[in-house]
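Colleague: Given next are the chains, with one letter for each unit.
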Amino acid sequence: MGDSQYSFSLTTFSPSGKLVQIEHALTAVGSGQTSLGIKAANGVVIATEKKLPSILVDETSVQKIQILTPNIGVVYSGMGPDSRVLVRKSRKQAEQYHRLYKEPIPVTQLVRETAAVMQEFTQSGGVRPFGVSLLVAGFDDKGPQLYQVDPSGSYFSWKASAMGKNVSNAKTFLEKRYTDDMELDDAVHTAILTLKEGFEGQISGKNIEIGIIGSDKVFRVLTPAEIDDYLQEVE
Amino acid sequence: MSREAMEMPPKGGFSFDLCKRNDMLVKKGLKEPSFLKTGTTIVGLIFKDGVILGADTRATEGPIVADKNCEKIHYMAPNIYCCGAGTAADTEAVTDMVSSQLKLHRYHTGRESRVVTALSLLKSHLFSYQGYVSAALVLGGVDVTGPHLHTIYPHGSTDTLPFATMGSGSLAAMAVFESKYREGLTRDEGVKLVSEAICSGIFNDLGSGSNVDICVITKGAKEYLRNHMLPNPRTYISEKGYSFSKKTEVLRTKITPLREMVEVIEGGDAMEE
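Protein chains in written order, with full-length UniProt numbering: chain A, 1 to 235; chain B, 1 to 273.
Don't read these hints as lab results, they were simulated from the structure.
Accuracy of the hints is not assured; some may be wrong.
Mimicking DSBU-like on lysine-lysine, the simulated pairs with C-alpha atoms at most 35 Å apart in a straight line are [as the list claims (entries may be wrong)]: (1) A:K89 - B:K219; (2) A:K102 - B:K222; (3) B:K192 - B:K48; (4) B:K68 - A:K102; (5) B:K219 - A:K206.
Produce the entire structure from the sequences given, and follow the hints as far as they go.
Modeller: Encoded structure:
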């Protein structure tokens, strides 16, 4: 890393005090497919559109929602390949924590470490910031939690959040619909309705992905059949 | 975390830096610290529906029994378990490390771990340490390709067998296996044979003792039978009980408190901050 001609940081401050590359990264996120997360009283749900570039793509081979630990899952908006790198690093960090302390990593710790990685790439030579924002959903001793991590490395805990295209409409919709005492099933319905708002075309179990974690503290991605059941309930 | 980008790739293998110093210290008369070994009898066999692993539970430190009921059957993956003989720290650390690597591999591939994967990870690690990681392992599990049983030696060589024994009690256990093992055993027959082999090690080898642990792994299920047999219970407890001879007479009692107990009344004239 040290000897290269290009070993200067691409994220240098602009005169107005902004880091332009990070702003551009956020734009990249903003043009990605919509994803959202809702924290219920007894669990968390994360969901995303799964629009494939062509009908010839085998949709069973694509999985946008990934599991990081048995009780933490993640979804992204933005560049898929960047998210894969982050998922890989996060999984490794969670596993290293577990090996050292012999306890499952708390959600806040994993978010903090992932955010630290993303920040690293805004202050190192010859690299660019990640073009993804992540929504991390987990359930540990502190209860259900939902965090959003941005390309800058900043993270926030949310009761409900959305990212990607159509984010302002989605957030307005969520603001209206969110209640503190929502149950997990209600949250899933609300998530589906929010996705439906900005959806182009017919929504089905094949073109959205939903991941849930309940009080059993096991994160899982719903099968297309289960999503179709929820869709029928919503209608 | 930004040091990651600057760090050299790990050199791996054993670092011999301190060996000269240690030699010098021994020459000057320093006694090298002994380490906790598991004398051990560990066994494994393949039966009709899968694999059965067995182990004793004695951990020794020279001539002393350090742990009367330690766990020698280590978890590697939901469908793979590993018995460890040799230096207790080495077996625990190496199985822990490979179990961790297998877990990450499962997340990345989305598939159940295979026994040969665990085998390859273990043997390459042990080989790179040239036998200094003193771990002799019996690795068994059931995966999509069927049931597998392997032995791994501290230097990194492996064997694939239908029945296997390791540890100081391995000869006693192997004698039982060689005479009574046959293919296609049922679960109960297999558990009985493994228990017999471990008991043979427990009673005939000084390095093995206490209880029998068993782990039965079949396709899609596993049973960890901790302390399946307890052939060495504490049997002698004196019926008469224990009495102690007459104590010295109490002539005088005086209690002096170390600190005076003062009652504090809350509220009232509280000081302003």
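Colleague: Decide, hint by hint, whether the structure agrees.
Modeller: Each hint, compared with the structure:
| no. | hint | in the structure |
| --- | --- | --- |
| 1 | A:K89 - B:K219 | holds, 32 Å |
| 2 | A:K102 - B:K222 | holds, 22 Å |
| 3 | B:K192 - B:K48 | holds, 14 Å |
| 4 | B:K68 - A:K102 | holds, 24 Å |
| 5 | B:K219 - A:K206 | holds, 32 Å |
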